[in-house]
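The chain contents come next:
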Amino acid sequence: MAAHYLSVEQVEMTFETKGATTNVLHEINLSVQRGEYISIIGHSGCGKSTLLNIIAGLTESTSGAVILDGKEVNAPGPDRSVVFQNHSLLPWLTVYENVSLAVNKTFARSKSKAERHEWILKNLDMVGMSHALDKRPAEISGGMKQRVGIARALSMEPKVLLLDEPFGALDALTRAHLQEEVMRIQDELGNTVIMITHDVDEAVLLSDRIVMLTNGPSARIGEILDIDLPRPRNRIELADDPNYNRYRQEVLRFLYEKQRKVENLAERRGKTAPASATKKVRA
Amino acid sequence: MNTPTRSDTLTKPMFNVGPSLLRLRDMLVQKVLPPVVILALLLGLWEILCSSPTAALPAPSQVISDTWELIVNPFYDYGGNDKGMGWQILASLERVAYGYLLAVVAGISLGVLVGQSTWALRGLDPVFQVLRTVPPLAWLPISLAGFQDSTPSAIFVIFITAIWPIIINTSVGVRNIPEDYRNVARVIRLNGYEYFTRIMLPAAAPYIFSGLRIGVGLSWLAIVAAEMLIGGVGIGFFIWDAWNASMLSDIVLALVYVGIVGFFLDRMVAFVGNRVTRGTTQS
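Those sequence lines, one after another, are chains A and B.
Just add 1043 to the spot in the first sequence (first one is 1) and you have my numbering.
Just add 134 to the spot in the second sequence (first one is 1) and you have my numbering.
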């Protein structure tokens, strides 16, 4: 068996726009164990989502490789299902149909029709959406849509579940509630999860390890923090836990002292704007 | 008893008026009354303006008395072109149906092609932009020359009139399919056909239907003009024939029918569109 279930090796991402090349991700190396919950945190625009898209296979990296369970990833597929930030449910399908589209395609051969039906219901039940099978996305709340999005992703039985800021668009109470649900489901199923977030509390509460990206361009993995807190975790108890607070502070220190965003951005604007202008003249 | 209040006299007649009847009355007053009043005023104005014996156009009362035979007997058939208004309109509708259905099939296919492929867009768009400005009747001589027969020529004119808005709206709809939906399809690994039927058509449906609605209106505009030139049974030639026989009242009646049929065609496509795209426009 391979030492690591999922490994990201020397991934490099460079975008080319109008003659100017921007190096977004630089020398990204990451190994993930089976059943691990990893958060990737960093300031907005640092390339977190690009990294997730590369792992998903939705974006092709410039160089480097992603290897999952011994095989190289080069196209999207149900073994790396994604929960998108804005739920991305198809509005013309009902809750049930949104999940069934994925299930019927993924298990077309391996499960009978009745088994697929059971499986769809089971996954929707797991996220507490059995009551709204025939509702359309427009008829349910934002939190419920995201639950269905999670059910759809889980229903494909992915080897790695990819969460792209899954709770970003939700209000604080709904977000806390869904975080609990995700923890419960992960406890139950033991999924391998990679989650993009910019919420420090969320990262510490949910993760086994937090991967911190430096600011772009050429974002690298700055630090990796092991979160050694017993599960199941309870956010109220953890609020007074010295370890929890230490982890939290470490992430905060990384984000706000080592990788200050606002000043850097202002500085960079002042410096690079004329530079890029001269480049254009030369080109 | 005290003096009856206003509500007593209104809501307590001989029998007990249910709330649904009251609602019906409110609806009649709010929705039906205004158009009826306006229509009566317009007809009154027309009657006054055209009541003098020297008036060039017939007054409404004159129209009704002149055309009473046609109104009460829409489906007579005395052979040749001497048929009731019902037959004339059905003949026109049949031509529109053929031409329009061909335009729907070809227009949606071409629209999908142009929406999907940038190469096709660059190649075909200039051609479409020039051809769509050609007035419908300008196509008639060349199609008469090509088909050597009046019926396919009329159908072709309908086709070429209706197809442009369908192509253009479909291609815009296809190009505007959110990236998220494409990503969902890629993760689930839908094949080309599944993507077309499950994602592309429903996602572009609101645009497609606005093209279809414009198309059906243009078809109906073009058929009257085309039939004036090609002759035979049809509401367009009926109008031309009436003009040659100086039967102005027949023309007025025909215009009323043309307007009403055009209105129902538009409403029919809009209704189908609302049913099909229900839920698609909101997310």
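Take these hints with a grain of salt, some might be off.
Stated by the list, open to error - Partial selection, computed: residues in chain A whose CB lies under 7 Å from chain B:
no.: 1; residue: Leu1101
no.: 2; residue: Trp1135
no.: 3; residue: Ala1145
no.: 4; residue: Ser1261
no.: 5; residue: Ile1264
Unchecked claim - Lysine to aspartate or glutamate pairs mimicking EDC-like chemistry, simulated, CA-CA at most 20 Å apart:
no.: 6; chain 1: A; residue 1: Lys1148; chain 2: A; residue 2: Glu1224
no.: 7; chain 1: A; residue 1: Lys1148; chain 2: B; residue 2: Glu328
no.: 8; chain 1: A; residue 1: Lys1148; chain 2: B; residue 2: Asp375
no.: 9; chain 1: A; residue 1: Lys1202; chain 2: A; residue 2: Asp1112
no.: 10; chain 1: B; residue 1: Lys217; chain 2: B; residue 2: Asp375
no.: 11; chain 1: A; residue 1: Lys1148; chain 2: A; residue 2: Glu1158
no.: 12; chain 1: A; residue 1: Lys1156; chain 2: B; residue 2: Glu328
no.: 13; chain 1: A; residue 1: Lys1165; chain 2: A; residue 2: Asp1177
no.: 14; chain 1: A; residue 1: Lys1202; chain 2: A; residue 2: Asp1284
It is worth saying that the hints were derived from the structure and are not from the lab.
Quick reminder that beta carbons are idealized off the backbone N, C-alpha and C, glycines included.
These are the hints, each one checked on the structure:
Interface hint status for leucine 1101(A): upheld, as the beta-carbon distance to the closest one in chain B is roughly 6 Å, under 7 Å. For tryptophan 1135(A), the interface hint holds, the least distance from its beta-carbon to any beta-carbon of chain B being 4 Å, beneath 7 Å. For alanine 1145(A), the interface hint holds, since its Cβ comes within 7 Å of a Cβ in chain B; the closest pair sits about 5 Å apart. Interface hint at serine 1261(A): violated, since its Cβ lies 25 Å from the closest Cβ of chain B, which is beyond the 7 Å cut-off.
The beta carbon of isoleucine 1264(A) comes no nearer than 25 Å to any beta carbon in chain B, farther than 7 Å, and the hint placing it at the interface is violated. A hinted pair counts as satisfied when its Cα atoms are at most 20 Å apart, and lysine 1148(A) with glutamate 1224(A) does not qualify at roughly 26 Å. At most 20 Å may separate the alpha-carbon atoms for a hinted pair to count; lysine 1148(A) and glutamate 328(B) meet this at roughly 10 Å. The suggested pairing of lysine 1148(A) with aspartate 375(B) is violated, with an alpha-carbon distance near 61 Å, which exceeds 20 Å.
Annotation: proposed proximity of lysine 1202(A) to aspartate 1112(A) holds, straight-line Cα distance about 8 Å (limit 20 Å). For the proposed pair lysine 217(B) and aspartate 375(B), the alpha carbon gap of about 12 Å is at most 20 Å, so the pair holds. At roughly 13 Å between alpha-carbon atoms, lysine 1148(A) and glutamate 1158(A) fall within 20 Å of each other, so this suggested pair holds. Of the supplied pair hints, the one linking lysine 1156(A) and glutamate 328(B) holds, its CA atoms being roughly 18 Å apart against a limit of 20 Å.
Taking the CA atoms of lysine 1165(A) and aspartate 1177(A), the gap is about 15 Å. The hint holds against a cut of 20 Å. Pair hint lysine 1202(A) plus aspartate 1284(A) does not hold up; C-alpha atoms about 32 Å apart against a cutoff of 20 Å.
Hint violations for this structure: numbers 4, 5, 6, 8 and 14, all remaining hints satisfied.
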